[in-house]
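A.B. asks: The residues making up each chain are set out below.
Protein chains: 2
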Amino acid sequence: MKNIVVQKFGGTSVADIEKMRHVADVIIQEKENGNDVVVVVSAMGHTTDHLVKLAHEINPHPSERELDMLLSTGECVSMSLLTMALQTKGYKAISYNAQQIGIITENVHTKARIIDIKTDKLRKSLDDGNIIVIAGFQGVTTEGEITTLGRGGSDTSAVAIASALGAERCDIYTDVEGVYTTDPRVVPNASRLEEISYEEMLELAHAGANVLHPRSVETAKQYKMPLRVRSTFKYNNKGTLILGVEDMEINKPVAGVAADLSQVRVVVCDIPDTPGEAAILFGSLAKENISVDMIIQSYARKVKNDIAFTISKEDLGKTQEILQRVKEQLGAGDVSFDDNIAKISIIGAGMIDRPGIASTMFKTLADSGINIRMISTSEIKISCLINKEDAQKAVKALHEVFNLGCDEIAEVKGTLPDV
Amino acid sequence: MKNIVVQKFGGTSVADIEKMRHVADVIIQEKENGNDVVVVVSAMGHTTDHLVKLAHEINPHPSERELDMLLSTGECVSMSLLTMALQTKGYKAISYNAQQIGIITENVHTKARIIDIKTDKLRKSLDDGNIIVIAGFQGVTTEGEITTLGRGGSDTSAVAIASALGAERCDIYTDVEGVYTTDPRVVPNASRLEEISYEEMLELAHAGANVLHPRSVETAKQYKMPLRVRSTFKYNNKGTLILGVEDMEINKPVAGVAADLSQVRVVVCDIPDTPGEAAILFGSLAKENISVDMIIQSYARKVKNDIAFTISKEDLGKTQEILQRVKEQLGAGDVSFDDNIAKISIIGAGMIDRPGIASTMFKTLADSGINIRMISTSEIKISCLINKEDAQKAVKALHEVFNLGCDEIAEVKGTLPDV
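Going line by line, the protein sequences match chains E and W. 0 is the number of the first residue of the first sequence in numbering that gives the first Met the number 0; add one for each residue after it. 0 is the number of the first residue of the second sequence in numbering that gives the first Met the number 0; add one for each residue after it.
Simulated from the structure, these hints should not be mistaken for laboratory data. Treat the hints with care, since some could be wrong.
Since the list can't tell identical chains apart, any single copy or any two copies may satisfy a pair.
[As the list claims (entries may be wrong)] DMTMM-like cross-link-like pairs, simulated, lysine to aspartate or glutamate; straight-line CA separation at most 25 angstroms:
(1) 303 to 327
(2) 1 to 48
(3) 120 to 63
(4) 123 to 63
(5) 88 to 320
(6) 52 to 314
(7) 88 to 48
(8) 120 to 105
(9) 30 to 245
(10) 91 to 144
(11) 110 to 63
(12) 91 to 63
(13) 1 to 174
(14) 91 to 287
(15) 387 to 17
(16) 395 to 17
(17) 362 to 246
(18) 312 to 144
(19) 18 to 48
(20) 251 to 193
(21) 395 to 29
(22) 91 to 56
(23) 88 to 144
(24) 326 to 176
(25) 120 to 144
(26) 312 to 63
(27) 30 to 56
(28) 120 to 142
(29) 117 to 142
Note that this is a predicted model, so its numbers are computed, not measured.
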C-alpha cells in the first residue's frame, strides 16, 4: 500500500485559474513521488468575504445555519475547478464535498468541531488511482445539516482527514515559507524555524501568529500527525515541520515572539465577592461560544472585585449584549472595552525549568519604555498586554534579546501590519 | 392541513439583493394567503454562465461530473440568501440542497432525470411553520453523486417537488407575463393565452418558445399538476395557466406560432439501404444523450438513402465526432451541417380533426416567398424548416393568417432576437 500525503491549499494559493494550474503541478509532483495524494482546498481568494458581505447586505444578522449553507459553496467551487485542472494535465482526479464523504461534526454552526470522518469512499477512490480533492472548512451533522468549522477551518479539515486516513504527513501549503521566530514584516532578520513542537506552535498560534489555526495544531498533536507548513509558490522548499516535542532537540529557551492585535480588553468592575460570580460571568460567554483569553481578577480589596479579560474583536458585539444582561444578574458596576491593545508573547518549550526568562521579558519591555497592563503565563508562554502603538517596538526588542535573528534578511511579501 | 403552493423563481428574478427582497415579498404574499409555501430557486443572474466560463478556462473539456459539482453551487448561494431575506422580514424559513432532501436522479451528469423525491424532511419543516427554499437544477444519485438536470432544470425541480408533495399548483415566476401566441418581440400584438394545455405547451416549448422547458411540462402533465407561468415583477398578474386538455375549452385551431433558431440540420448522404442502418445512426446519437428532432429519410432511389435530421446547436461538436466514427461503420457518404435554418411551428390541440390547417400553413409561407426545406408533423403541431433570414416574416404571416393577435400591443422587455 502506498503512503498517503494530505496537502492543504489556502485561498491565496487558488485565487485564480493561473494559480490553480500551478497548484495542480505541486500536487502532481507529490503523486509522482509515489504517494497517494488527498488535497484539501479553501475557497478562491476573497470568495468567502464576498459571500459574507452579500449575506450582511440582505440581513444584518444572518442566521448561522444559512450562513453555513452559503459559505460552504466557496470551497465546492474551488474543489471542482482544481479537479478539472488536474484532469487537464492527464491525471485521474475526483472531488468530494463534506456531505459526500461524511465529515461529521457536532451540531453547531459557524464553528463546529469534527467528530468523525468516514473513510470508505476515500479509500475506494484512492484504490481506483484518483487524486482526491476535498472541500475544506465544511462538515455535516448526523442529521444532514451543513456546518462550517470557523477560522482556519480548512487546516483543521486537512489534519483531521490525514489522521483518519493514517497519512504519512499533512502539508499545509500557504503564501509564507514556514513558521518564523516572529513576523518578518516587523523584524526583517526573523529566521525560519526548521522544526517546532505542537505545543509551541499552539502557543504561537494563540498568540497571534496567523500561519496555522490552533485547532488544526491541536488535532495534529492529538493524533501525532506531522504537519509541514510550506510555500505553495517555491518548489522543494522545506518549510517548517511541526511535530511532537519528544521528537525534537531543544536548543533555545525561546522559539518565537508573537504579537496579537485582534483582541479587546474587557473590564467588569465591582463584582460582589461571593462564590460563583466568575462562573456566571464566564459561563454566559462560553454558552455563546465566545473564547476568553487572558483573565485577571484583582485582589478583593473590600467586598467587590474587578475582573479583566480579553476577547477576540469579532466577538465584541455579542459580548456587549451578553454583559449588558449578565451585569444586572451579577450586580456588577461599569463594564468597559478597550481595543487599543496588543498582546505580546514569547513562546518556547525550552523555557520550562529555565528560570529568568520572564524577568528578562519584563525588563526588556521596561527598558524600551513600554508599560505592561496585564500578564499571563503558561508553561511555555509568557504574554504581556501593552498599548497597541508599542507592539512593533516590543517585538523587535524581544526578538533581539532572546537572540532569534538570523544573518539573512527574510524575503517577505505583503505589507507591514497596521500597528 | 394547509394547501401547498410551490413557487419557482428563475435567475433574473433573483439577480441581485434588491430583486431577492422583492421575491421575498411575493413569497410572503402567498404565505399570508394561508398556504404552505415551498420555493425553488435558480442561480443568481449570470452565475451559471460565469462558472461554465471558469471551467472552460481551466479545461477545454471539463468532466461532466466535476461540472455538475461546480454548477450546483450557484443555486446553493441564491437559496441561502433568499432564505436570509425571508428571515429579515420576520418569517421562519429554511433552505435545503438536493443532497439534504434526497432529490434522487438517475446516474447521468449534466442532464439527469429525477426518479424520486423524499418528502419526510420537507413535510416536517412545513409542519414546523417554515417557508422552504430549495436549490433547483440539482439532484443526487443513490450513490451520493451530485447531478444537474440540464436546461430549464429548476422548472423541472419545481414541478417534481410540487407533484411529490401533492401541491395545489406550481407557479413558475419569470420575467414574462405568461405564454404568448408567439414571441411579442417579433409580433407586437401577440396575445397572452389565459389557458393552454400541457400538450400544446409541450409542442410550443419543443418548437422554441423559451418560457418553460419541455421536461417540466411533461412532468406536470404526468402528475396533472396545474402550472401557472406568471411575472415576478407584476403583483396579482394572472399569467397563463397550463392544464389538462380535458379541463379547457378549445376555441381556435391554432394556439400559437413558434420559431426555433437553435437547431442545426445534419444530412448524411448515401447510406446503404439495408435494414438496421438508421438504428445504428440514431442509436449512436442516443447513447451520447443527443436529442434528434425532425427526421426525414429520402425515398430509396437506388440502393442508397439520404437521411436528414436536426439537432440542437450545443450538441454540434459531439455529433460531429460521433458521425465521423459512425460514417465508416455505415459505409455512408458525405455528412453536412447547416445552421442557417429556422424551425417554424404552429401548435394547437384544436387542429385535431380540422383538415386544411397544414395546407393553409404551406400556402401562407409560399405566398410570402418562403421556401420550405423540411416538414414534420405531430397530432397538434406542424413544423417547417426554412432559411433563418425568413423566420421573422414567417412568424408574422402565420400569426396573422390564424388570427392570433389581440387589439393591444404586448408590453415587452428585452431585445429583438437575432433572426
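A.B. asks: Since the copies are identical, ignore which copy is meant and state whether residue 117 and residue 142 lie within 25 angstroms (CA to CA) inside a copy, between copies, both or neither.
C.D. replies: both (15 angstroms within a copy, 15 angstroms between copies)
A.B. asks: Given identical chains, is residue 120 near residue 63, meaning Cα to Cα at most 25 angstroms, within a copy, between copies, both, or neither?
C.D. replies: between (29 angstroms within a copy, 20 angstroms between copies)
A.B. asks: Pop the pair residue 88 and residue 320 into one bin, within, between, both or neither, using alpha-carbon distances up to 25 angstroms.
C.D. replies: For residue 88 and residue 320, only the inter-copy Cα distance (22 angstroms) is at most 25 angstroms; the intra-copy one is 53 angstroms.
A.B. asks: Tell me, please, which holds for residue 120 and residue 144 at an alpha-carbon limit of 25 angstroms: within, between, both or neither?
C.D. replies: For residue 120 and residue 144, both the intra-copy (20 angstroms) and inter-copy (11 angstroms) Cα distances are at most 25 angstroms.
A.B. asks: Is the C-alpha distance from residue 91 to residue 144 at most 25 angstroms within one copy, between copies, in both cases, or in neither?
C.D. replies: between (30 angstroms within a copy, 17 angstroms between copies)
A.B. asks: If the cutoff is 25 angstroms on CA atoms, where do residue 88 and residue 144 land: within, between, both or neither? Let me know, please.
C.D. replies: Result: close only across copies, 23 angstroms inter versus 35 angstroms intra.
A.B. asks: Classify it for me, residue 18 with residue 48: is the Cα-Cα distance of at most 25 angstroms met within a copy, between copies, both or neither?
C.D. replies: Both: 19 angstroms inside a chain and 21 angstroms across chains, each within 25 angstroms.
A.B. asks: Between residue 91 and residue 63, at a C-alpha cutoff of 25 angstroms, which is it: within one copy, between copies, both, or neither?
C.D. replies: Between. Shortest inter-copy distance 14 angstroms satisfies the 25 angstroms Cα cut-off; intra-copy 36 angstroms does not.
A.B. asks: If the cut is 25 angstroms between Cα atoms, do residue 30 and residue 245 qualify within a copy, between copies, both or neither?
C.D. replies: Result: close neither inside a copy nor across copies, 30 angstroms intra and 63 angstroms inter.
A.B. asks: Pop the pair residue 326 and residue 176 into one bin, within, between, both or neither, using alpha-carbon distances up to 25 angstroms.
C.D. replies: neither (46 angstroms within a copy, 57 angstroms between copies)
A.B. asks: Can you give me the call for residue 395 and residue 29, within, between, both or neither, at a CA distance of at most 25 angstroms?
C.D. replies: neither (38 angstroms within a copy, 64 angstroms between copies)
A.B. asks: When no copy is named, should residue 52 and residue 314 be tagged within, between, both, or neither for a Cα gap of at most 25 angstroms?
C.D. replies: within (17 angstroms within a copy, 39 angstroms between copies)
Checked against the numbered hints above, the structure violates hints 2, 9, 13, 15, 16, 17, 18, 21, 24; every other hint is satisfied.
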